[in-house]
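Trainee: Each chain, letter by letter, is given below.
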Amino acid sequence: MPGRCPVTAPTTAPAVDEGDLLAHFDALVAAGETIEPRDWMPDGYRRMLVRQIAQHAHSEIIGMQPEGAWLTRAPSLHRKSVLIAKVQDEAGHGLYLYSAAETLGVDRAALLDALHRGQQRASATFNHPALTWADTGAIAWLTDGAAVINQAPLCRTSYGPYARAMRRVCQEEAFHVRQGYDLMRALCEGTPEQKAMAQDAVNRWWLPAVALMFGPPDTEAGGADARTAALGAAVSRRAMAWGIKRHTNDELRQRFVDSCVPQAERLGLTLPDPAIRWNEERGHYDFTPIDWDTYREALGDDTHWARQRIAHRRAAHEDGAWVREAAAAYAARTDGTGGEDE
Amino acid sequence: MSITSDAPVVRRPDPLPGEQPSAAPDLARYLLRLGDDALVLGQRLCQWITRAPTIDEDLALSNIALDLIGHARALLTRAGRLDGTGRTEDDLAYGRSDREFTNALLTELPNGDFAATVARQLAYTHYAVLSYETLAHCADPDLAAFGARAAKEVAFHRLHADRWTVTLGRGTEESARRMRDGLERVWPYTAELFEEDEVVRRLAASGTVPSPAPLRETWLGRVTEVVTEAGLTVPTPAWSATGGRSGLHTEEFGPLIAELQSVRRQFPGGTW
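Chains S and F, in that order, give the protein sequences. FYI, the numbering for the first sequence is 649 to 990, going by our numbering. FYI, the numbering for the second sequence is 88 to 359, going by our numbering.
None of these hints come from the bench; they were simulated from the model. Please note that a few of the clues may not be correct.
[What the hints assert, rightly or not] Now the in silico label distances, taken between C-beta atoms and shown as ranges:
| id | chain 1 | residue 1 | chain 2 | residue 2 | range |
| --- | --- | --- | --- | --- | --- |
| 1 | S | Ala-762 | F | Arg-236 | 51 to 59 Å |
| 2 | S | Ala-963 | F | Thr-323 | 31 to 39 Å |
| 3 | S | Gln-767 | F | Val-321 | 57 to 65 Å |
| 4 | S | Pro-690 | F | Lys-239 | 32 to 40 Å |
| 5 | F | Arg-236 | S | Glu-841 | 33 to 41 Å |
| 6 | F | Ser-184 | S | Ala-844 | 22 to 30 Å |
Here a beta-carbon is modelled for each residue, glycine too, at the ideal position from N, C-alpha and C.
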């Protein structure tokens, strides 16, 4: 097991050769050791992590909106409590992840600004509207279900603060999936109108979940053409070499489909993909490949809802500016901590 | 399953050990008031979530809303058993019309800006801690246990309100102005929290639950301390609002209840 290298950045340690630092970094990653904030790391690694962690944090914060819109309309006090707790968890996940990103030398205020200005993005999954109560169930069951599959390997990602944040996130996400499934089960066992509402929600949330939660296709088998697959695979390969990712997008996507099909069958719901069928030879379910056209179709980029999500977030931030200023002024005056420093 | 009668089966609530039968309808009405306060204020706080000044506040306000809905569930469940109808928490939350809700008007006031919400929280939390503490000493062990737990939880909400009142009062010129406006806005609605009517008087006379009226002095002392620390003055409104406890609400209340009940009413006979 390689020893720790207490070097913060190459510029502060001119005597150390960058080649040695890189070799040491590679050895740590290869040995399955975590990289910690004070360790030297390649710039590309730092940039890839900041980009990925920020996008994840932004997705938690933006993802509060479609479900948050149903808090006041939840049809039982039990479901209302469950939904408040879930949206609250998402705010908490956003905070853990922004904190993890801050260990890489960026601050939360700058990341939020980048989100508000459209320079960084949240998952396009949430560019879709939550039109009925059943959407809150479909989101929890499908998109949180996809998130769990996507994120479980990140609990062992090479960057320590990210891995530790993800362990907490994943535990809570797994709980959300069970609640989402339970909500859908209640609707499917209810009146025909309730079941129709559940099916309609699944029809609208399946593609955003299966396409967007796992990122673009990165293998030919997954549906990308040779050139796209090569491009996507190069990014995935880099992320895997650094221990940031553990699996290709398409591998995780297959795992998701394999878990959802039997669950949908138990609910008596139909996943809106006629190509879904068990493939004995592969030992997996076949499904319509997420090629670039399908992916773009699912994006919902630059639509009413894509704009609305950011506008809602920006309005909250701007309306609250005077509160943050007051908290900062009070804290400065009293040496106390008066609230969030943004 | 053997069918012995075509008559609909009405589930009678279990008799509660140690309960004065004659006190039950009054106690039910009293608990319904407290439950409606928590439900309606929780519903208002839900409207903040995703709109708070910081993500930390989204988290704090959702935490408070979650506790309030929890209190409402316990109180409505109990009220439904005590009034002899056997109505569940959801029957009471989703099956009553606007006029049947008996929350104090303070809890239904629209959120306004963050300072107005903090002012409403300040007034409510200081009242609710005192009110739940009196429940904690009542003879019924279940109700006493609930009162003790709820008082502890609301004490955290009170801390949140106290801190923000002081922070805003002593923050910037703008925040101090907004905090003052917030207090002015909600203060005429605070007297109703301590109102006495026949229900409360009978409960107090039978020793079931003390009247909230004498709590007002302690309440005023405590909020005055916080408001003074914030560099502001407790308003002395020339009028006070009333009506909530007898189902006479503000015009803003209708849309709040319509929104609360909309999905459930859209799917009659649904299971959730």
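Trainee: Range first: 32 to 40 Å. Now tell me if the beta carbons of Pro-690(S) and Lys-239(F) are that far apart.
Mentor: At roughly 51 Å between Cβ atoms, Lys-239(F) and Pro-690(S) fall outside 32 to 40 Å, so the hint is violated.
Trainee: Mind checking the hinted window 57 to 65 Å against the Cβ distance between Gln-767(S) and Val-321(F)?
Mentor: violated (47 Å)
Trainee: Between Ala-963(S) and Thr-323(F), is the Cβ distance one that fits in 31 to 39 Å?
Mentor: Holds, at about 35 Å.
Trainee: When you take the CB atoms of Ala-762(S) and Arg-236(F), is the distance between them in 51 to 59 Å?
Mentor: violated (43 Å)
Trainee: Using the beta carbons of Ser-184(F) and Ala-844(S), state whether their distance is inside 22 to 30 Å or not.
Mentor: holds (28 Å)
Trainee: Just tell me: holds or violated, for the beta carbon distance of Arg-236(F) and Glu-841(S) against 33 to 41 Å?
Mentor: Given a distance of about 39 Å, which is inside 33 to 41 Å, the answer is holds.
The structure is inconsistent with the numbered hints 1, 3 and 4, although it conforms to all the rest.
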